[in-house]
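Below, each chain spelled out in residue letters.
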Amino acid sequence: MKTSADGRSDAGQPRNRERERADLGEGRFRPSERASALAAPYHGAVIDLSDRHFLSTLDFSLEEVDHLVRRALDLKARAREDACPRLLEGRVGALVFFNPSVRTRVSCESAMTRLGGSAIPITPGKDTWNFEVGEGVVMDGNTQEHVRELAGVLSRMCHFIGVRKSELITVGSARAEASADYAELARDPFLHALAEHGDVPVVNLESNRFHPLQGLADMATIRERLGEPAGRKYVLTWSWHPKSLPVATPHSQLLAAADLGMDVTVLRPDGWELEPEVMGAARERARSLGGEVTETADAEAAYEGAHVVCAKAWGSLDYYGRFEQEAAEKEGLRPDWIVDEARMEKTDDAFFMHCLPVRRNIVVTDGVLDSDRSAVIDEAENRLWTAAALFAALAGK
Amino acid sequence: MKTSADGRSDAGQPRNRERERADLGEGRFRPSERASALAAPYHGAVIDLSDRHFLSTLDFSLEEVDHLVRRALDLKARAREDACPRLLEGRVGALVFFNPSVRTRVSCESAMTRLGGSAIPITPGKDTWNFEVGEGVVMDGNTQEHVRELAGVLSRMCHFIGVRKSELITVGSARAEASADYAELARDPFLHALAEHGDVPVVNLESNRFHPLQGLADMATIRERLGEPAGRKYVLTWSWHPKSLPVATPHSQLLAAADLGMDVTVLRPDGWELEPEVMGAARERARSLGGEVTETADAEAAYEGAHVVCAKAWGSLDYYGRFEQEAAEKEGLRPDWIVDEARMEKTDDAFFMHCLPVRRNIVVTDGVLDSDRSAVIDEAENRLWTAAALFAALAGK
Amino acid sequence: MKTSADGRSDAGQPRNRERERADLGEGRFRPSERASALAAPYHGAVIDLSDRHFLSTLDFSLEEVDHLVRRALDLKARAREDACPRLLEGRVGALVFFNPSVRTRVSCESAMTRLGGSAIPITPGKDTWNFEVGEGVVMDGNTQEHVRELAGVLSRMCHFIGVRKSELITVGSARAEASADYAELARDPFLHALAEHGDVPVVNLESNRFHPLQGLADMATIRERLGEPAGRKYVLTWSWHPKSLPVATPHSQLLAAADLGMDVTVLRPDGWELEPEVMGAARERARSLGGEVTETADAEAAYEGAHVVCAKAWGSLDYYGRFEQEAAEKEGLRPDWIVDEARMEKTDDAFFMHCLPVRRNIVVTDGVLDSDRSAVIDEAENRLWTAAALFAALAGK
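Residue numbers (my numbering), protein chains in the order written: chain U, 313 to 709; chain B, 313 to 709; chain F, 313 to 709.
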């Protein structure tokens, strides 16, 4: 798919971001207007999102993202009354998983089914199915199929293509000490090639840079709990973790809070900064709604007055893929980066978020996770309804 | 899920069993009443089984189990007329398989589909997805997710959770000579934790101790062939097998015959007794319907006058998981434990049952298996309809 | 399944072929009549194909194959108008994959879903699930289940059984230098045993000898582009490839062109002839429609005047499974066997076909593959609609 419904290019994330900035620059979503728009009740499918790629929430305007979130909460409410509309009967989504997945696969499959459609999960084997992305390559090596053909074929057999491809997870599973250059990985060449050559919407189920379905679910969860989140304080706190995890999820979580116009604080040790360009995009979108994005290594200041605490472990961009080196660097950080009851007490009655799976008593204490403050199960459920809203929207429903 | 519809605890198998005993003690299902109740025609969904766990047939009263079996045969008849009701449209079941499965997966997926719903099979990888069951654990080791979160998440995304987790099969597949203490395994900690923390019905697709869907299918098969099985003779015969197999299936088969009020004989070599507590529960339920449960190592006496011969290989509880030791012990038993034509001649025109897969000319001869006496394919088909009946019942349909 | 609706034996491919020859001998489909019949518009489901096996297109008469192809194009047209009929609601197909598959699995699953049914993919594990095919075997070895039981069980749980089992691919994946005798493999014992013992239609998703769903898709693609293909020139050209690939696909592609009454040229180096018996069957069917089948190693002559060029790599029957020996033999052939622009210029404006996955700039140049001459994506899409037409037909719809 090369163009969106309105003729603008949707294929590459960078181009989309530029478009987004242009939109913001035009002032279409000025803070004051926006805040009231966000508070307005959901008023049905007035925004056409059909045949668009969904590689990052940045591919969509703030208004469009908000529409999806409200639509998701509407579907959730209708399902509670056993009145889930069968909008996707006869529709099929391909879900390509290069990395294992539980929440993403189950939520996406269940979402399709709830709306009357179905999903086909595809898990390429390590040895049997390698894809070529390069142009003009003489394919006499290990790659057996070009992404051009894969995109073309799946576009004809299915109504959209979801794909999860996170190199850091692949490398981690192989237990190889590999040097993975983040700047290189963040280009997500496979995902963008699939989007360029696909004739149906491509949905990012987690790439090296973004996990936008997690972002939507987090937005729905925050809206569900806070009503109007604009101006409230959101803390995304780094966690110590025995492994080095990707930055895709915290990037999309950061953007989720920004897209709600919140006052976002990224709490992380020095050396574990998120990608500057993503921080910049989040700041721009937050500001357009009257919010702000800051970062700090000072936990005291961060927790103070927070309305939402979202914990997530991620790897240092400087050591991306060099697990042993990073492990040595971060060993001393372990005791100080857990979310516990004492820290939650400092907040303004904040609730706790985590994308799951979570390591108990490492990332967060049992006391917090098993309390009423924890929204993690709601957050997981919202993966289902935001996926459903997205799939319906991409089908023009 | 912590309570059943009537407010009684359903979470743990031991508690359920106690409840069951209490029911029996109350005399709600006295033999004479029961026998006539079992013979009565199926009269629709008058028994509410919605939102109950199904960890063992012992979780259900005799009346409830009977209801499921009759419901299954009713659905089977309706499907023959191409009139299978679409009771589960929009419903989704998660099927978590820690061990490989053909019959169970296909029967459960097909059952959901026949009724208009769908199933999502999940197969946790060995290295990628280990679950923590312990309470208060600092999860800095190999476990990545606590069963509390798994149960909560799947409960929100799906309408029920099926799970197969049999440690003996896992150990066997790893070809490791492991000491697996049966008493420890029989607690089925993962299954019970999932049931405790799940908010939707948990269905046991085979645990270390029980395989209740096989039990239901066997009940349906016996009822199909015998009409009223109460008082007829059922023989569960041990088989020699090159591997050491779990006791879950023979336990549930034993209970199946007991729950039909049959005269049950467990034929096995000394040293291959089934779990005494399960034998006791079976005896209690059989007696309440006028039946009996006995065990013997005397094949002549066992086959004499039998109406049903069900063969199954299982491992000795004394050597559970110590495959080589057991193999040495049982080598001499091989010639005497096959079901052959000569033995079937001693019966009262018995039919032959086996849960499949079956090793031909090891467990049973071709002559028996390919004869009209064999009910194994009917028994496999009944896996489908009993699963369908159960899933519908758990959904209150 | 032992007999077709009309009482003739359908179980074994050889018997079917004999039947087919008998049909041809009877002159039921004489060339002149046939050509006009093929040109006639699709006129609905007047041919009953219910409950037939589909192991090869040779199992079906020319008229029946033509019916399926026209039905597929009709379904495709209806789906374009969002009017795909839900013919298979409540129907379930088992898809057993011994070898990895993308196109076949996705096309079959999507086909079932489009028509309202569903598919259950089954992937037997290497160590966990070996099937016995032999008769009278004492199963104390590595085989755990006899195909008789597998066939019986899946027949009761599903409405048809698809199976992919290609030993050459299995051996290739194991990277073992194994001697695989083609004559032995071509008997496809597992597939034929499944058909013999199955009570529902068995569909060949690629065996050692045939890949008939690819054949149907190719027929649909040719008909789509040429209208009436009888008498037009079709070239099936061998390709150099770093691996040794099976002959199943080129066999079915050859038959596809023959069944359209085309003038078929098989272009291959000496030593890479296709199976003589398949060549003979193709020749017989082509001639009955006024076409012809020839073979040559002369590329100049082959491309001259062609209307269709279909490229495919396949292994030499003399070296089947002895990859290193074959690699040495064929190394010198690499430069001369690629499909490029210069060769396509020699044709009569031919379009290009390939079953995919294709190695770019090895089998075909980017220039050809990315041009309007390429039909490979249409061909892949037609996998979906021909599968849908077949599944509907086997269900009597």
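Note that these hints are calculated values from the structure, not bench results.
Hints are not guaranteed to be accurate.
Chain copies aren't distinguished; within one or between two, either way the pair holds.
Claimed, not checked - Quick list of in silico lysine to aspartate or glutamate cross-link-like pairs, DMTMM-like style, CA-CA up to 20 Å:
| # | residue 1 | residue 2 |
| --- | --- | --- |
| 1 | K555 | D661 |
| 2 | K658 | E596 |
| 3 | K709 | D394 |
| 4 | K658 | D682 |
| 5 | K709 | E508 |
> Broken hints, numbered, in rising order?
Replying inline: Of the numbered hints, 1, 2, 5 do not hold.
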